[in-house]
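Let the hints inform the model, and build the full structure from the sequences given.
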Amino acid sequence: MPPVAVTGLGCICAAGQKLADCMSSIFLGRGAPAPPVRFTSNHPVRYPVFEVAGFPDDPAMIRTSALGLHAAREAFADAGLDRDSLALLRVGVCVGTTIGCAMSNETFCRQVHAGIDPGMGPIEVIQRSNPAAVIAREFGLSGPCQTVVNACSSGTDAVAIAASWIRSGICDVAIAGGADELARITYIGFISLMIADDSRCKPFDLNRKGLNLGEGAGMLVLESDAVRAARERKARAFVLGYGSACDAYHLTAPHPDGAGLRRAIGEAFAEAGISAGDLSFVNAHGTGTPDNDRVESRVLRDLMPGVPYLSTKGFTGHTLGAAGAIEAVLTAACLERGEIPANAGFSTPDPELIATPVREATPITGTVALSESLAFGGNNSAIILGRGESS
Amino acid sequence: MTHPDSRIVIRGIGAVGGFGCGVAALEQALSGGEVRPGRVALPMTAVSDMAAFMADTVLLKDFLPVKALRRVDHYSRLALLGAHLALADAALPEADRAGLGVVIASGHGATGITFAFQDSFINDGDICASPTHFANSIHNSAAANISIMLGAAGPSLTVSQFHLSVPSALLTARQWLLERRVERVLFGAVDELSRLTSHYWCRQHGPAADGTLPRPLRTGADTAIPGEGAAFLLLSREEDAANGGYCTLDSVTTGRNLPPGPLSASPGLLLLGADGIQATGRRYAEAAAGSRIACYTPLYGSMPPGPAFDIASAALILRSGVVFPTPAGDACDFPAAVAKGGEPVGPGPVGILTLDDDDGHGLISLGSL
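Protein sequences, first through last, are from chains A and B. Just add 2 to the spot in the first sequence (first one is 1) and you have our numbering. Just add 845 to the spot in the second sequence (first one is 1) and you have our numbering.
In case anyone wonders, no lab produced these hints; they're calculated from the structure. Heads up, the beta-carbon is just placed ideally off N, CA and C, and yes, glycines get one too. A couple of the hints might just be wrong.
To be verified - Derived coverage of chain B by chain A (criterion: at least 3 residues anywhere in the stretch with Cβ under 8 Å from a Cβ of chain A; other residues may be distant):
(1) 864-878
(2) 978-989
(3) 1006-1015
Spelled out as structure tokens, the structure:
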């Protein structure tokens, strides 16, 4: 498949409200999860999370969409595209999320429980807040508009779908990524599944106990070669390949042998026309849950032995539908920088895992990296990014 | 690289809705021209219930052991039934399921179980939240259950774009086939009428007066009756469909800012898609002006998966070559010609136009094999 150019990047997460801030704090090793501020829980354990501090709520839309819009603004500005220039192009939007389309509102539900005829205000806000539609409305985009709800692989899948639109000529430009907010309902849900860590998450560590939820958004501007040539715009990265496969095994647990992940990575390699030896590094899903990290490290060892890898979730938390997109943005930025950060939270190797992530900021050679996502429902997605021309 | 010369074929149809279950039930409803809606309870409003096209999943036991369905909610059951019906209709061998891609379109997702999950911790405290309810409330639970129960290990995608979910998801399903990412895609659209969505409908549209039926081709009045159900299609490239199929899926376009005025229609176009919702009715009438139109929403109700039921109906028309009668077609005040039942479909394509109240649109074009 021909590469698709990435000409703009945007990122907001607990590590920062702009990509440059995120990269700076990640490489400085700053940031730690804390008990949630935006909501309370009567659960006896206060599980820490990675919240985006100082990002105000917008009553007109759900926080997920506000986060997505914030990152989209940064990505379009980075690409040098404003509303006027976008109006002259066929521009699509593809956004991954988990919360962004959920018709769930606790206030509404509690009113029902109390025997009160519930007001529809919160539900109407959800209806107006479809994350892709919000971006399309804000920028007056006329192309396809798609919100992907593939659980935690949504962001990766959204970027790949948008790349497909560019390759096939459906759009000139696409904004793609993922967005998710930290919500009480998902917080309680992950605790109920007993896969949340009551301290900082420790991806790939012997003592890992689970994930820390996070929130944020990552957005990439993808652009056709024709439009990019006309605008004389350099690429910050390229989407080189993508693969996706389902475990068809369990609703919330990965296949023990990583069957789907192996196929997804194999497809991505084939599509990009590369092999494991070409990779500079892997940005792993690395949630810090015992099952995920066991399966993922086995696949990393078998398919990509010796390739440096890390999880960035020790800096961002698990941002669910945004995770794959945030990690794609960080992967592109690390390729540009020629360096990857330490795998935060890792200190004690797990003998069962054999492979270990990088422990400190590490220079990289080469121009290609892989970012992978595993999701509830058994989805596995892998995207291969190449270094751009502006590095 | 896409292969634009490849034609995409609808090989199998699985549908469950207010009309019954299976392609034969849908065809019977289309031929008969009338389905009486049932009632859905409205525990949160002054009225106790309202008219709605409700779907029954009892026939799922023909495909799956009851034990396997113990923890599967109504939403996923609808999807599982639609999926199995489509594969049975296409006579797809079990061995061919392994690489099957699954694409699901859903406007609202699993709202019933999402509500039940919230019930679990509101009732007994956060520590008592139900992990089973939470796992099943994830938006891609239907796709996951289908993949698990069918052993479909290809890529899986769920799209939620409210009323435009079907064209949006179908765009990607078609891309997967054109890119040869998969050999076949099981595409499905599903939504349920839960406590939440029924209440929301009632607040938005009000309950239909007793005994009235939808009049989707009349502008200026909200005559829609809500529905629930699942409509599934087995899609493949034409070379994989040597043993038959219904029709071709020629194009899918979706976006915003549909130019005002009539669609620049292909000669002989037959247009489907009106669903009786007032907010989009006038815009639909404007776009359909001068076209030949048909409408079957009164047989399954208005719902985000509606366009997938329209595709299934159009596929049956294209296979038989004959248009079904439009229920309440005489109540049309659109500046368009309502196709009479029994007339030839003609040489042109069948289009399914979907509009939302946010300037979005989708247009799906089907052709004869």
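Checked hints:
1. 864-878: violated (count 0)
2. 978-989: Holds: 10 residues of the segment 978-989 of chain B have a Cβ under 8 Å from chain A.
3. 1006-1015: It holds, with 5 qualifying residues against the three required.
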